[in-house]
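Colleague: Below are the chains, spelled out letter by letter.
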Amino acid sequence: MTLDVAIFFISAIVAVFGATMMITVRNPVASVLYLLVSFAAQAVLFIQLGALFLGVVLIIVYVGAILVLFLFVVMLLNLRGGEDLGQPSRPMSRFSKYLIGALLLVELVFVIRGSAGGTDQTVTGMMGPVVETFGSVQDVGMLLFTTYLYPFELTGVLLLVAIVGAVVIAKRETEREAAQKKQLVEERGHSSEEKVS
Amino acid sequence: MIGDILTYLTFFPVLGVVLLLLVPKERHDSIKSLSLIIAFVTMLISFLVYALFDPLASGMQFEVNVPWVNSVGISYHLGIDGISLLLIVLTTILTVLAILSSWNSIKTGVKGFYISILLLTTGMIGVFVSLDLFLFYVFWEVMLIPMYFLIGVWGGPRRVYAAIKFVLFTMFGSLLMLVAVLYLVFKYHSMAGVYSFDIQALVSMPLSFSEQAYLFAAFALAFAIKVPLWPLHTWLPDAHVEAPTAGSVILAGVLLKMGTYGFIRICLPMFPEATVAFLPYICVLSVIAIVYGALVAMVQKDVKSLVAFSSVSHMGFVMLGLFTLNLQGLEGSVMQMINHGISTGALFLLVGMIYDRRHTRLISEFGGIAKVMPAFATYFMIVTLSSIGLPFTNGFVGEFLILLGAFQLNTWYGVFAVTGVIFSACYMLWMYQRVMYGKVTNPENEKLTDMSARERIIMIPLVFLIFWIGVYPKPLFDRIEPAVKNVLEQVSRAKSVQLDPVTYELTRVKDEKGTVTDATVTFAPEQEEATHE
Amino acid sequence: MAEYIYLVPLFPLIGFLINGLLLGRLPRAAVNFIACASVGLSFIVAVMLFFDLRALPEGQRVLEQVLFTWIPSGALQVNIGFLLDPLSAVMILVVTGVGFLIHIYSTGYMSHDPGFGRYFTYLNLFTFSMLVLVLADSFPFMFVGWEGVGLCSYLLIGFWFEKKSASDAGKKAFIVNRIGDAGFLLGMFIIFWQVGSLQFTEVMAAAPAVFAAGGALVTTVCILLFVGATGKSAQIPLYVWLPDAMEGPTPVSALIHAATMVTAGVYMLARSSVLYTMAPDALAVVAIIGAATALFAATIGTAQNDIKRVLAYSTVSQLGYMFLACGVAAFTAGIFHLMTHAFFKALLFLAAGSVIHGMSDIQDMRQMGGLKKYMPITFITMLLATLAIAGIPGFSGFFSKDEILWKSFSSSHGHILLWIIGFITAGLTAFYMFRLIYMTFYGKERMSDEVKHHLHESPRSMTLPLVVLAVLSVIGGWVGIPHVFGVTNHFEHWLAPVIAGPHQEAASHALAAAGSSAATEFLLMGLTVVLVLFSIFGAYMLYKKRPELSTSLAQKFSGLQALLVNKYYVDEIYGALVVRPIVTGSVFLWKIVDVLFIDGLINGFAAIYADISQVARRVQTGRIRSYATVFVLGVVAMVGYFLYW
Amino acid sequence: MPVSAFLVLAGVLFAIGAVGVLISRNIIVLFMCVELMLNSANLALIAFSRALHVVDGHAFVFLVLTVAAAEVAVGLAMVITIFRNRETINIDRISILKW
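Protein sequences appear in the order of chains A, B, C and D.
Residue numbering for the first sequence follows numbering that gives the first Met the number 0, beginning at 0 and increasing consecutively.
Residue numbering for the second sequence follows numbering that gives the first Met the number 0, beginning at 0 and increasing consecutively.
Residue numbering for the third sequence follows numbering that gives the first Met the number 0, beginning at 0 and increasing consecutively.
Residue numbering for the fourth sequence follows numbering that gives the first Met the number 0, beginning at 0 and increasing consecutively.
Each hint should be verified, as a subset may be incorrect.
What the hints assert, rightly or not - Lysine-lysine pairs mimicking DSS-like chemistry, simulated, CA-CA at most 30 Å apart:
#, chain 1, residue 1, chain 2, residue 2
1, A, LYS180, B, LYS473
2, B, LYS24, A, LYS181
3, A, LYS180, B, LYS106
Hints listed in this document are in silico derivations from the structure and should not be mistaken for laboratory results.
So here's chain A without its partners, still in its complex pose (with noise of 0.2 Å):
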């Protein structure tokens, strides 16, 4: 068992157990905590298939950024785990959906080995070394400033929209605001009352 083998392994035991227990762990606190150590081994997974950049943005926009983000909100909204969630799922329910789940999985592991079928060498052969500057900062950033170049500035404008439209979705909205939309809400019924009659 090789160095390269013993890492996948690893990783991939953290990553999966992670996720598995992000989802059914019922302090949202926890879920988070667990997700963030799946993305920590994700990211030890895109390090080693030589996507440094990558695994580096990945600890720090997703880890650092958005778990942290979700934990903010977790806290603000102070949940511990006690809410009220309803009824829980019938059993019945609850197991369909785990078929479904391991029914997708089947699929996609056919999917992959289904292309796998003998030929594509790529996809089940061993991986080949590849050249020193493979997924550097440097090689990520020259595709992305000439090929990509548009995709990339449309990000931009993305995660605009998406600043902006946070903030207004999540502002308080003024007592006038809330009075207009009472208002405005009354003439509805009211119309719709006139027209049942």
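Use these hints to put chains B, C and D onto chain A, whose structure you have.
Modeller: Okay, now just chains B, C and D, sitting in the frame of chain A:
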């Protein structure tokens, strides 16, 4: 410039819509004035078309034929003959009057209202000028949307029900029509090797009898709903009662004519065998519509629904005239389309005026109006007389010719249709009596003001038209006649009929077995011009 | 000459336009002047045209003028064109002449009514329409006038529209007329269908070639045209509107419902005489209906108490006479009676109007009496008219009525029964007319003091037309003194070129049998005169000498009395048999067929869709997880599909 | 290591994420599951990229990351608003948009 006049005419209202979009929505006066100017200029353009129209030439005039979507043979093909010419002029006139009539009665959503009306105008003119089935279908559907909003937004209490009913009825028919159109186009492709949506090209295509029958049925259903032919008429009273005045005027004045226009432009020329075969059924339905509409109109409590049912009756006359398949019947039918547009439009305008004052249309609420509003009563009387077809008003000319034609076709159609003349007098005069005559019993009616200058301006052109067409309809006949003769010639391609070249009368040829065999006309798309002559 | 014909209807049209467009803006005097002058001018033109026509040689007395094409549609070419021949010449003289007098009379009669402008507008429009009717050169153009007079009749009957009875009566008149018009239209259609033209000259010329004499087609045409005539001229079964029409102002009753419009049917029959002589069956129908109407209306007339209603039923009855004449192919006699009737009946109505005017709008004869000394001119003129209508020898009515009776007996289409009915009717006519005279002008003054106080003779503008008409009523018949008196019948001679019929053969026939028939004619004439005198005496006994006798008689025959007073309950029967079922049926069509059935069917379909959607929409739970489940299932299915198929 | 191993792992993570979406009633956890699925796709992309020796896959991963970030920002803003108005994070209770 002149060659493209139909394009200008059709799309000028759209230009108006664009301009209207630029006006802030609070500026009601600017919006109203602007849309009035646009409608007025459109009317002037249509007058110009009328003036430039050559009454002696047969065939289409002002034709424009530009390939549009070549791969499927869609072209931008416009052109008019005498029938569409008159209907266009009617449309533009009624649009101006409709805009004037809503001057003070539409207070909410003013901008949207006038945009709808102008879009509607484009749709209506578009239907009348299209010579391409695709274009025809597009304009046909374009009309639907503004009308839906006119009824559904600015209508009465049950406006949503009425609007949806209107749209669903019409949609149902037009989808069948679309299927039929596509069938025609593919059929043409299989015969000529190219696609074409061109009406004139499709007309010359030979179709077997069963094909004709199905296609005729599909088109006829779409058109019959629009007319509306009994028993597909029930959307009409609801739509009329709920629609705002301008909507009713355009609906009754022009939209109903779309159905009959479709018959005369598409059904009759394209499916002559089927036309002859279906003739008895449609005639019977028309006669039922005439009598039924009149009888039901008699017992209505709401003035607008009375007028709506009278429309059913009058449009029954138009349908009967179309399917008499003789010159008098067809000419009378086209005249009746115009006349019905004028007199029913005028009736709705008048009802709108009284509605603006009293906010009710129930006959029982009125009485003695002639005393407080003498001018109104006079105009109402003139329009009433025109509606019941008194000689020397426009209504008579069309009705007389239709009855004459129907009588020649089949005595019994004539006899039963004539009773419509009697009943029309009954319901109109009874309504007039209950609204106008007697003493003022309702205190709310005591202080009604007589017609304003604006309202008089609306009515005067209509009254003028009523008498002009009633006394001197010759200019109209001159323009209708070549077009009608063309239609008859095309119908005469049916093997079961024979056209008298002098009187233009179609007579049924009785073959031994009484069955109509499939058409075996040789088909030569290149020589379609030749087959027209 | 011919190019002036259009002036005759044009003047009233101009009057109508001026008065109508400037309604409410002209002073009373101007309105009166314009209205009268326009009719007066057309009377002058009519007289000139009459003399022009007379100056022409006998065979060529036809003037035609075409203004422009009205309805050009293939083979159907209808012109706005006029046809002046001896028949229409007589008619325009009557219409403009009597019309002019009535216009003048109206200026006095309507002098206190605020609606005078509207009144004269309608009246001028009526005159125009009537002139179009009689001058038209084709059936459709005649129909213009035909419906036009119907419209004016509607407007004028309902002139005081605030009264429900008035507007009801107007509506009834129009609708009943429309029923007749429908028949007229159908008749026209058959003619066009067969002949291919609707011009009078062409139709009449082509008819003998196109129609088989006595055939079903021509009979149908004639009967349909006659249906039109029954509507306009108030014959059984469509007479019901005329008595109600008395709701209108009295001059209107005189002009429209006595002198001119109601006689349009007779004119139309005379105009189509070529067709009618070809259809003996149709003639028989006309004669029977005419005779029946004459008798029927006369009996009702004997029991009415409203002065105008008596005259109305009298009009119906006299119109029956005219149709009786037409029905025995004696169109000339019909037109002759039409003319004399126009004089004396217009006079009767105008005089009655004068009475009503003086009586402060009371029309019930039971509240009158003894008016002779208050209204001498009215009395004398009305008496002259009554003598005329009763058929006292020498007066105009005598000649015309006698000719009808004689023709109904002697004509090849006549029958002894028709004569008997006419004979009885003559007696009844004399009876109810003198009943009217005695109840109104003689006996006790039964009016209230208030009314009596205002009682006065009418102004000059009203009495002058009375006098002129009285003169005409007396001498008007002298133009048509029958052959039997040894003079030429100018009137018959004048009309001969236009009127088809057996007159040529009848003339020779009559000459052949001159010896015996002259004696018969005198015998019948004498019988009639005796009956008339006897009836007058009866009326004198019952209503002048011993009024209590009439009341006791009425009590004795109370059933009959009630039947007559209620006009045989015809209105009620029509209401129950025609009007009610139509209205109920219409409500049924609306509520049941339209709303319940058709709309129910369509809304039912919509409801079915709605119900299906009610079930289907449950799929749309709003729960993201269920959507996601379905979504993932879909993905699984799709991937599975691509993997294994 | 064969690339298929990484792909299978990506598949496993994806399936776990999917199951999480299906069974989770907590709206925040649901969100995190979506993130997990996105990232499993990233993993597959990078694996392919490595196998084919093309860096383009990295560019895509980068874009996916950006989209995920934007999505989270907006999504969490919505969660906050919803919680503020309805006092719940139960996904099943947020079901007005139905029928």
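Colleague: For every hint, state whether the structure bears it out.
Modeller: Hint check:
no., hint, result
1, A/LYS180 / B/LYS473, "violated, 63 Å"
2, B/LYS24 / A/LYS181, "holds, 24 Å"
3, A/LYS180 / B/LYS106, "holds, 24 Å"
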